[in-house]
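S.K.: Starting from the known structure of chain A, arrange chain B on it as the hints suggest.
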Amino acid sequence: MTSLPPGLAPRLVAFCEELRGEGVAVGSSEILDAFEALEAVPWTQQEDFRETLAATIAKSQEDRRVFELLFDRFFFRASEAEALERQVGEDRRYDGGDRLDLDALREAVRQAIAEGRDGEMRDLARLAIAAFGRRGEGSGVIGVDVQRIRRTLGLQAQTGSPDEPVLDRDQINRFERHLRRELERALIERTEKLPPSRPLAELDRALPTSPAQDLAAVHRAVAQLKRRLATVGREHRGRRRGAIVDVRRTMRASLDTGGVPLRLKHRPKHPRRPEIYVLCDVSTSVTSASVFFLSVLHALHDSFRKLRSFVFIERISEVTDVFERERDFRAISERISREGGVADVSGYTDYGRVWLEFLEEIVEDLGPRSTVIVLGDARTNGREPHAEVFARVAERAGRTFWLNPEPRLYWNYGDSVMAAYEPHCTAAFECWTTRHLEEFVNVVAGGTPSVEA
Amino acid sequence: MAEGAERSVSTPATASAPESVADVKEALGRVGYLADEPAALVSYLAQRLGKPILVEGPAGVGKTELAKAISRATERPLIRLQCYEGLDEAKALYEWNYRKQLLRIQVAKEAEADSPPAGTPGEDAEGAKGWDEIFSEEFLLTRPLLAAIAATEPVVLLIDEIDKTDQEFEAMLLEVLSDFQISIPELGVIVARTHPIVVLTSNNSRELTEALKRRCLYLWLDYPEVEREMEIVRLHSPDLDEQLARRLVEVVHMVRQLDLKKPPSIAESIDWARALLLLGADDIDQSVFERTMSIVVKHRSDMDLVAERVGLKLGGVEGLGAEAAG
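Protein chains in written order, with the numbering used here: chain A, 17 to 469; chain B, 101 to 426.
One should not assume that every hint holds.
Listed below are the simulated SDA-like cross-link pairs for lysine to any residue, each with C-alpha atoms no more than 25 Å apart in a straight line [to be verified]:
1) 361(B) x 78(A)
2) 361(B) x 77(A)
3) 413(B) x 130(A)
4) 200(B) x 274(A)
5) 362(B) x 334(B)
6) 281(A) x 198(B)
7) 322(A) x 200(B)
8) 191(B) x 442(A)
9) 209(B) x 199(B)
10) 168(B) x 77(A)
11) 209(B) x 270(A)
12) 362(B) x 411(B)
It is worth saying that the hints were derived from the structure and are not from the lab.
Here chain B stands alone, though its shape is the one from the complex:
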C-alpha cells in the first residue's frame, strides 16, 4: 500500500480524459445512454476536473443508469455502494476480519502451549509480531469504498441513494470524496492510485449537508421531453414502430401529469414498449391500455385514477378518429 501512496494522483485529468462535451455525449450514446446537454456536460467536467457528481431527481429518470453508462463508456469497472438506513463504515469502507483474527490468535496460543516457554525477551518479540500480523492486509475485508480507492485499474464508483444514510455517514465520505484517501488507524492512510469517477445519486428525500454538496458537481435529472424519451425507447426496442413509440411516450407523459403515488419511470416506458412488441399491438387504444397498464402503473389507487383519466381519453381519441374516417 505504501508504494501506492507514492504514486498518488497529481493530475486529475488522466490521459484518457475526453476532449469535449460532444465526445462524452457520443461515447455515452454508443453505450445506450442518451444524455441531455447538462448530463453530458457534467460527466465531461467530472472527468476533466476529477470531481464527484451528485445526481438528484425523481425516481426512475436514469440516475443510476448514468453511472453505469459512464462505466461502460470509459471501460472502467463499476463499483457500487448501495446505501440504506443504518449503513456504517464496516459495510462501506473496510472491516477487520475478526473471525480470522481470533483463529489466528487461538492458533498462536496453542502453538505457545505446545512449545516449552522460551526466554522472556524472545516471547515478547514473538507476541509483538503476532499483533502486527493480525492487523495487516491479509485480515482486512475491503468494502466498496476501499475497493474503489485501492483499485489498481481506474474505476467508476457509484454511491447509490446517499440520502438514505444518516449524516454521520456523509461526514465520513468527505475524506474519500475530496482527497480520495481513507485512513485506517492500524495501517495508515491509503491514497488512491488512480482517480475514480465518483457518482452519487439522491432521491432528495432529505437535504444533504453543505459540506458534501460543496465537493460535488451538481446535476438535476428530470423526466425527459417527449422527443428524447422517444429516442430512448426506440434505442432500447428498435423494432417498435415510430408512430407507436410516439403514442406510447405521449401516454406515459399524460400519466406522469397526474398526481400519482409512483409516476412511471423511463425504464417502465421501455418495458411497456417491449410488452407491446410481444403482444403485436399496433396502436394503443383503451383496451390495449387497460390490459397492459400494470406495466407502467403499480399502485392500486393509481390504477383507478389512470384508468379513469387516461383510459377514457384514449377511447375518446379513437372515437374521434373513427368519426373523421367515417
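Isolated chain A (complex conformation):
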C-alpha cells in the first residue's frame, strides 16, 4: 500500500540489531515479516507502526517489555540525532511555567495519568519541568529531578482520597517515563550532543530483588511461574513414550478390530507429588533477595499439595500456617517479620544452628519422598557451618536443592561456605534471574526422572 521511505530500512535493521544485543531472538525471517507488514500499514501512524513491529518481532511478553524499552529509546535517539544535525530546536511553547498554579497542574497531571492519555501526559511533563526549572530546583541529574518532580506533584500509588482517582504504580511509572524523556530532550538541546548509548541495566532484566522496587514487579515474575507450576506434571501424563502397556485394556480395545490388538493401551503415568520443605534465609545479607524468596514461597504454596515452609536467621521457625491463612503477600511478609521470632541476638545468620534445629524438629518426617529446598547465600558470618549436620539432613531427604541468590562467581568468597554444603546437595543453583528460577522449578516439578524410582 505504502512504500517505506528511504532510510527507514537501515534504521529498522539497526534497531533489530540492538534488540538482539539485549537478548531478543530476532531472526532474519522476522525482519522480513516486519518489512512486509509495514507495507500494509501506514507507517506514519506512530501507534500502528509500533504495534506492527511488535507483532512481528517481539514474540513473548518478556520480549515485548524489552522491545518497549528499546523502541522508545532508539527512535527517540534517532530523532534527536536528526534534530541536532539539522539544527532544529523545539519552539518553547511551554515557557511561563512560573505563572502556573501548582495545584491546578497537579490536578491536571492526575487526571491525565488516570485516563492514560499519552499526548497530554507529555505536554504536562514539559509544563512541570518548566515550572520546576523556574523554581531553581533542578539538580541536573535526571533521575533525581524525576523523583523530585514526582514528589512535589504528590504522585503516589494508592493514596487517592475518595474523590480522586486512585493511581496505580504502572500509571505513575508511565508519567515518570515522560518526565525522564522530556528532561533528556532538554539536556540534549542544552549540550547539543547525545549521551552515550548504554545497554539496558542488568537490573531491568534481572529478578526484581531490591526492596525499594515495587512488589508488583515481584508478583509479575512469580505469576508466570505459578501458571507453569499449575500445569507441570500434567503435561507428562499424556506422553506415550516409556509407558507400560496395560494388557487388559489393550485386549478390550482389540475387540473392536476382531481380536487383533491394533491399538496399544498404556497405563497412565502418575506424576511425582513431592513433599517439599523450603528453608528461606531472611537475614539482612540477603534482604533484597528474601523479598523475592518469600514471594516464591508464596507461589509454591498454591502449587504443591504438601509444602512446609520455614524461615531462618539465627533460629528457624515454621511459617507454613502463615501462608495457609494469609493470601495477601504484603500481610505475609509483615507477619513473618513480626512473629517469626527468627532473630535472636545479633541478627546475623547462623547456618550451623539452623541445621541443628531443623534436624531436631523434622528428622522424623524426612523420607525418600521429601525434597528439601534451601534458599540462602550460605554466608555464615564466620560461625561454624556444621556441614555434617546438613549432610545428615540431605541424606535423609530424597533430594536436596540449594538456591543461591548470588552469582556463582561470588560463591566461596568472603564468608560464603557454599563449598561445604554443595557436595551434599542433589544440585545447587544460582538464582538471580527469572530464567534461573524457571530452570529450577522444572527440575523440582518432575522435569527429570525421580531419584529413587
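M.R.: Chain B in isolation, oriented as in the chain A frame:
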C-alpha cells in the same frame, strides 16, 4: 486432490482482504467483538500477509472469542482444534480408517476364496489395485488440520491452547503453518486450495518453541481497561443501566487486583451483568454482591478473600453515600 494442488496459493492477500485496520475493527465490532488497537491491527495484518496469529494472555480475556469473531466477520466457517496433553497426529491431522480398510481386505479375501484362482499375473494386478484402493481418500478420516487445508471454501482455523500439547506436536504444525500443506506418505502432499486464517491461542503455561513463534504474528491480550470492558458488557446486555455497568466493571477490576486462584474473566462479567438484570438489582451493595458473587469468583478460598476485601469495601462506600445524603 491433485487438481487442488494446481491452484495453490500464489497471492496470500485474497480479494476479500480488508483495506485498513479501521475496517477490521469495525467488522469485528459489528459481530460483537470490541477489539482494541493491537488486536485489530494484528487481525488486519494476518489477513493481509496470510500469517498465523499467536494470541497469548491470561484465561478469559477473549482469545478464543477473537478467532470466532474473525470467522463471523469474514463469514468464513470456523474449524477448531482443541489441544490437550497427548494430542497426536491421528487426532489433529488425519487418520486411516483402518476398520474400514480391514473390512475391505476381508471382503476382497472372501471374494477371492469364492472365485476359482485365475492366472498368476492377473491376481497380482488385482492385489495391487486393492492396495491402492484402501489408501485412497475414501478411507481417510480428515481431522481439523486436514479439513482446514483441504476445504474448498476459505476458513478460519482455530488451534486452541497450543501450550497444552508437547513440543513434537508443535514441530508437526510447522509444515501446516508456514506452507499450508500436509504430506501424507501414501497420497502425497496436499496443498491448501484457499488460504485459511489461522489463530493459535496459548495460556502461556509453557514456552512455545522459537520455530513456531517465528512463523506467527504475536498478540498479547490482557484484561481490558474499565472503559472498554464497560462497552463490552453493555454490548452484550444492552438493557443494563450505564451507572450500574460502570459499578460492575469497577468491582470486577477490584476483584482482579486481588491475588486470586482464578481471576474473573470478561465472560463472567457479562454473566454477572445478565444475572443482575434478571434480579432487577439497581445497585451493587454488599448484600447483592454477596448473593451474586459466585458468578465471578469460583474458588472456596477466593470467595472468602473477595467477600472480606471487596464486600466490606462496598458496604463502606454505601455507608459513605448514606452519610453524605443525611
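S.K.: Hints first: check each against the structure and report whether it holds.
M.R.: Going through the hints against the structure:
no., hint, verdict
1, 361(B) x 78(A), "holds (23 Å)"
2, 361(B) x 77(A), "holds (21 Å)"
3, 413(B) x 130(A), "holds (21 Å)"
4, 200(B) x 274(A), "holds (12 Å)"
5, 362(B) x 334(B), "holds (23 Å)"
6, 281(A) x 198(B), "holds (17 Å)"
7, 322(A) x 200(B), "violated (50 Å)"
8, 191(B) x 442(A), "violated (40 Å)"
9, 209(B) x 199(B), "holds (15 Å)"
10, 168(B) x 77(A), "holds (24 Å)"
11, 209(B) x 270(A), "holds (21 Å)"
12, 362(B) x 411(B), "holds (18 Å)"
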